[in-house]
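Colleague: Sequence:
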Amino acid sequence: MCSLHVEEEAHLAAMGGNGDGTRTPSPRPRSHEANIALFEICWEDVLLPHMSTYLSLKDLFNLRCCSQTARRFAEASLEKRQELNFSGNNTSNIELAFKVVARCCRRLEVLHLACCKWLTDELLLPLLTNNKHRLCAVNLNECVNITALSLQPIIVECKDLRILKLSKCQWLTTGAVDALTLHQSKLVEFDISHCGAIGERCLIIFFRKLNKLTVLSLAHTPSVTDQVLIQIGNYCRELEHINLMGCVAISDYGVHALTKTCTRLQSLMVQRCPLVTERVLAPLRGRVHLDRPSMGYNLQPSQNHRLFLQV
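Quick note on the working numbering: the sequence shown kicks off at 799 and runs consecutively.
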């Protein structure tokens, strides 16, 4: 009996109770999770794929200033970043931030640098060198302080390039476009508006290779002529949107040749093209979005077409 009583006491103690039926309060277990610091959570599995994607560049640079660990995390986040947008950012000391980005980013696919007046070849080339094999979209519109030298890694090494925007880049030369002709044939969107240094012959040869183009902007490019439009119509059959604003050398003849063969065309911009008249535009109304209002012609589309053929 004595041994049975001892065993019963031991059993009650193990169950957390006393022999008199009252329960002995046990110490509260320490919560290990409550003491985990942010950067102790797995970076590769949790923080980088699921948290850093929600942080803006400003957030990452603010975080980078907090500690050495925070700095390493911010730079690891930049390394995995796929899109970078500095467009229009001309704040003081932005060049210093860009140097950090150029050093850390390794997986960029989309690069927006439009209107960055401070951008130079020296700043841009390291970024392009580190990301040239992944880039598919590059926007350098109005980057006035770089040269054609910065285009070299884009032209030669970016095999997956699909979008290239170079509006108001007066440094863009015929030689650079010739190099594009040799190395880039998969572009679907191309913008060389306000680029006056490119010749007509260069454009005619260039568009013979771009049979995948869907969006094209040639606004205020003086070398765009009817012959260029004919080549675009012959080879760029996938074209959906084209901007020809301010192309004063084009006429009804070129626009007709373009719209006749580009059957997928959805929008046509021809403001400030004095030789393009309602004779060629009227048959397009209702089928293609035009940026120019009707000039009051009441002729049926078939009548306009006959008038055009008589010109």
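It is possible that part of the hints are untrue.
List time: in silico PhoX-like cross-link candidates among lysine-lysine, alpha-carbon distance up to 20 Å [said to hold, decoys possible]:
| no. | residue 1 | residue 2 |
| --- | --- | --- |
| 1 | 915 | 878 |
| 2 | 897 | 930 |
| 3 | 915 | 957 |
| 4 | 856 | 897 |
| 5 | 878 | 856 |
| 6 | 878 | 897 |
| 7 | 984 | 1010 |
| 8 | 930 | 984 |
| 9 | 1058 | 984 |
| 10 | 957 | 897 |
| 11 | 966 | 930 |
Everything labelled a hint here was simulated from the structure, so no lab data went into it.
Colleague: Evaluate each hint against the coordinates.
Modeller: Hints and how they fare:
Note on residue 915 and residue 878: the hinted pairing is violated, with a Cα-Cα distance of about 27 Å set against a maximum of 20 Å. At most 20 Å may separate the alpha-carbon atoms for a hinted pair to count; residue 897 and residue 930 meet this at roughly 17 Å. A threshold of 20 Å between alpha carbons decides the hint, and for residue 915 with residue 957 the separation of about 27 Å lies outside it, so the pair is violated. For the hint pairing residue 856 with residue 897, the CA-to-CA distance comes to about 15 Å; that is within 20 Å, so the pair holds.
Distance restraint check for residue 878 and residue 856: the Cα-Cα separation of roughly 16 Å lies within the 20 Å cut-off, and the hinted pair is therefore satisfied. Restraint check: the Cα-Cα separation between residue 878 and residue 897 comes to about 16 Å, which is no more than 20 Å; the hinted pair holds. Distance restraint check for residue 984 and residue 1010: the Cα-Cα separation of roughly 6 Å lies within the 20 Å cut-off, and the hinted pair is therefore satisfied. Our distance criterion of 20 Å between C-alpha atoms is met by residue 930 and residue 984, whose separation comes to about 16 Å.
Under the criterion of a C-alpha separation no larger than 20 Å, the hint pairing residue 1058 with residue 984 is inconsistent with the structure, at around 23 Å. About 25 Å separates the Cα atoms of residue 957 and residue 897, which puts this hinted pair outside 20 Å; it is violated. Taking the CA atoms of residue 966 and residue 930, the gap is near 23 Å; set against the 20 Å cutoff, the hint is violated.
Hints 1, 3, 9, 10 and 11 from the list above are not met by this structure, while the remaining hints are.
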